[in-house]
Amino acid sequence: MTQPAVSAHAHILDPESHVHAVEEDLEYWRTKRLEPRVFLLHRRGVLTLYDLLQAATRLPRVAPGDRSTGSLEERIRALEDGLDEYVRGIALVSLDLPGYDYVIDDTRKERGDYDAFFRISKPSHEGTLEERVARLEEQLRDYSWLLRVLTQALLDKGLLSAERLAAERQRQAGRGAWNGARIVARAWVDPAFKEALLTQGREAVRALDIPPGRLGKLGVAENTATLHNVVVCTLCSCYPHDLLGDPPWWYRSDQYKQQIVRDPRGTLARLFGLTLPEQMEVRVHDSTSDVRWMVLPRRPAGTEGWSEEELAQLVTIESLVGVAEPRAPEEVRRREAAP
Amino acid sequence: MTVAEAQATPRFAIGTRVRVQTTCPEGSPRTPLYVRGKRGIVTAVHGAIANPLDHRGIYPPLYSVLFTVGEVFGGASSDTLSVDVHEDWLEPA
Chain A
-10 MTQPAVSAHA HILDPESHVH AVEEDLEYWR TKRLEPRVFL LHRRGVLTLY DLLQAATRLP
50 RVAPGDRSTG SLEERIRALE DGLDEYVRGI ALVSLDLPGY DYVIDDTRKE RGDYDAFFRI
110 SKPSHEGTLE ERVARLEEQL RDYSWLLRVL TQALLDKGLL SAERLAAERQ RQAGRGAWNG
170 ARIVARAWVD PAFKEALLTQ GREAVRALDI PPGRLGKLGV AENTATLHNV VVCTLCSCYP
230 HDLLGDPPWW YRSDQYKQQI VRDPRGTLAR LFGLTLPEQM EVRVHDSTSD VRWMVLPRRP
290 AGTEGWSEEE LAQLVTIESL VGVAEPRAPE EVRRREAAP
Chain B
286 MTVAEAQATP RFAIGTRVRV QTTCPEGSPR TPLYVRGKRG IVTAVHGAIA NPLDHRGIYP
346 PLYSVLFTVG EVFGGASSDT LSVDVHEDWL EPA
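As given, the protein sequences belong to chains A and B, one line each in that order. Just so we're aligned, residue -10 is where the first sequence starts under the working numbering, counting upward by one. Just so we're aligned, residue 286 is where the second sequence starts under the working numbering, counting upward by one.
If you are wondering where the hints come from, they were derived from the structure by calculation, not from laboratory data. In this text, a Cβ means the ideal position worked out from N, Cα and C, and glycines have one as well. Not one of these hints is a red herring.
Here are some chain A residues pointing at chain B (derived, C-beta under 10 Å):
id, residue
1, I93
2, Y103
3, D104
DSS-like, lysine-lysine: derived pairs with alpha carbons at most 30 Å apart:
id, chain 1, residue 1, chain 2, residue 2
4, A, K111, A, K98
5, B, K323, A, K98
6, A, K206, B, K323
Build out the structure end to end from the sequences listed, making use of the hints.
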């Protein structure tokens, strides 16, 4: 399930897996984040459907920079970029608003995490790759239009200011998986920090000048020679994202959630190619409530004397969730040696 | 309820065998269906956690409860599931 690592200039090796990832992720963000938000705001009378209609009359459906031309590979890349933009935009319209005391659990109720009656249905993704890409382009246009209309309506009604949006975009750019890598690398070299991380969680990361975030308690599950930990959130997709940035895209997929709890060891082997020794216990942490979990992977052998900065390069977001080991040391050193 | 009040009464200690209730009308909704009615062991006591970004009010004390995959889904797997469950959902097993 891991997406092939591609730089902006490399070729897409497995277009099907990229398209599948966009399909899953796009529907997640539409049905679990954006549309429940629209319904909530309407229900509470903060911003109604009529406010949206007003704003919509002034905005074109096609976004600037929208394109569905070029090779299939270029179109898939454009979809991935469009999805990223969509996700960032949803974070902006999900900010706290005056006049409405919002908590994350409202969205979970609204979108049916606790009651299937409220679930928003998702379209199917059948057809050839070409047809699926064309359908995604159409969907992304529609979904992004609603997002732009919502953003505009929030501005029109004075619920958000342009300055606040700009400041939030700035903040978004500064966080990410690199925080997780730095936390792990420090824990590998500094036993006192590791102890603090395992017992106090969030408070400990201040030592790295990382803002500790405010989403409940941070749970850190340490891998050992006899225990391998994996993280999931079967109810929704809880993850310490305020601290670590976004989880891998498949973390939110039903396939992962359903399979990992029923057959942890088999799922790791089947979906992620990670085979663990028989005698090693595999433990799945379901982030069911106020503890948001991350995995502290084991430090790879052969990294004696490495700097924290070098060690951090071994840590991937997959290893923070526990579906992969950190990178092989040779991989990082080889890359550094390359011109 | 304040955090201090909620924390004043943790009923279960680490190592206690507990059973998750099948239903809990007033309980936190965040107890997954698959562990309801299942038996496990308390492995961590987290206490009451203030998390105002996530939900309103304070939930009862939270525990990590360890189940075997075999207990929850049947079969012989010795893999384990660690699920965080609030006190109002738990009873001694």
